[in-house]
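Positions 401 to 527 (the working numbering) are the ones given, in order, by the sequence shown.
No wet-lab data here; the hints were simulated from the structure. Misleading hints may appear alongside valid ones.
[As the list claims (entries may be wrong)] Across the chosen pairs, the derived CB separations fall in these ranges:
1) D457 - L406: 34 to 44 Å
2) S488 - G509: 29 to 39 Å
3) K439 - D403: 15 to 25 Å
4) D483 - D524: 30 to 40 Å
5) D403 - H507: 36 to 46 Å
6) E421 - E460: 18 to 28 Å
7) D403 - E447: 39 to 49 Å
8) E460 - D403: 40 to 50 Å
9) N513 - R413: 24 to 34 Å
10) R497 - D455: 29 to 39 Å
11) P480 - E447: 30 to 40 Å
[Said to hold, decoys possible] Calculated pairs, EDC-like style, for lysine to aspartate or glutamate (alpha carbon to alpha carbon, straight line, at most 20 Å):
12) K404 - D483
13) K505 - E408
14) K505 - D403
All C-beta atoms, glycine included, are put in the ideal place defined by N, C-alpha and C.
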Amino acid sequence: MLDKNLFEYAILRFVPRVEREEFLNVGVVLFCKKENFLKVKYQLNEERLKAIFFDLDLKELEQHLHVFKCICEGIKCGSPILDLDVPSRFRWLTATRSTIIQTSKPHPGFSKNLDLTLEKLFEDFIL
Numbered sequence: 401m402l403d404k405n406l407f408e409y410a411i412l413r414f415v416p417r418v419e420r421e422e423f424l425n426v427g428v429v430l431f432c433k434k435e436n437f438l439k440v441k442y443q444l445n446e447e448r449l450k451a452i453f454f455d456l457d458l459k460e461l462e463q464h465l466h467v468f469k470c471i472c473e474g475i476k477c478g479s480p481i482l483d484l485d486v487p488s489r490f491r492w493l494t495a496t497r498s499t500i501i502q503t504s505k506p507h508p509g510f511s512k513n514l515d516l517t518l519e520k521l522f523e524d525f526i527l
């Protein structure tokens with residue numbers, strides 16, 4: 401177990417009507433403090449999204465997810481959250497909120513290869 405890294409992940413959810421608490425899983429965010437690792441992977445299946453949420457503004461959703469990814473990966477996007485360290489950014493990204501982009505509660509695990517683990521979680525929960 402010593403050769404594995406403790407990580408946390410959360411499922412990224414699209415919640416178009418916050419008051420109804422209906423959502424569709426669209427991505428996974430994975431964090432490892434030891435490796436200073438914070439990445440997100442998401443995919444928007446337009447057909448699936450519009451079948452459930454017919455009046456969806458896909459461009460707006462893509463913009464929100466792009467900013468989420470920029471904050472996650474430390475890419476400049478004008479957000480003051482980028483000034484925080486990686487663990488603080490993960491905590492901010494996964495904090496409970498009432499917006500159209502939400503995450504599940506974080507879940508722990510162990511991994512030898514964090515990129516591979518992110519891919520596996522993405523396949524299990526999103527595809």
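Hint by hint, here is what the structure shows:
no. : hint                    : in the structure
1   : D457 - L406: 34 to 44 Å : holds (38 Å)
2   : S488 - G509: 29 to 39 Å : violated (21 Å)
3   : K439 - D403: 15 to 25 Å : holds (21 Å)
4   : D483 - D524: 30 to 40 Å : holds (33 Å)
5   : D403 - H507: 36 to 46 Å : violated (21 Å)
6   : E421 - E460: 18 to 28 Å : holds (20 Å)
7   : D403 - E447: 39 to 49 Å : holds (42 Å)
8   : E460 - D403: 40 to 50 Å : holds (43 Å)
9   : N513 - R413: 24 to 34 Å : holds (25 Å)
10  : R497 - D455: 29 to 39 Å : violated (22 Å)
11  : P480 - E447: 30 to 40 Å : holds (36 Å)
12  : K404 - D483             : violated (29 Å)
13  : K505 - E408             : holds (10 Å)
14  : K505 - D403             : violated (26 Å)
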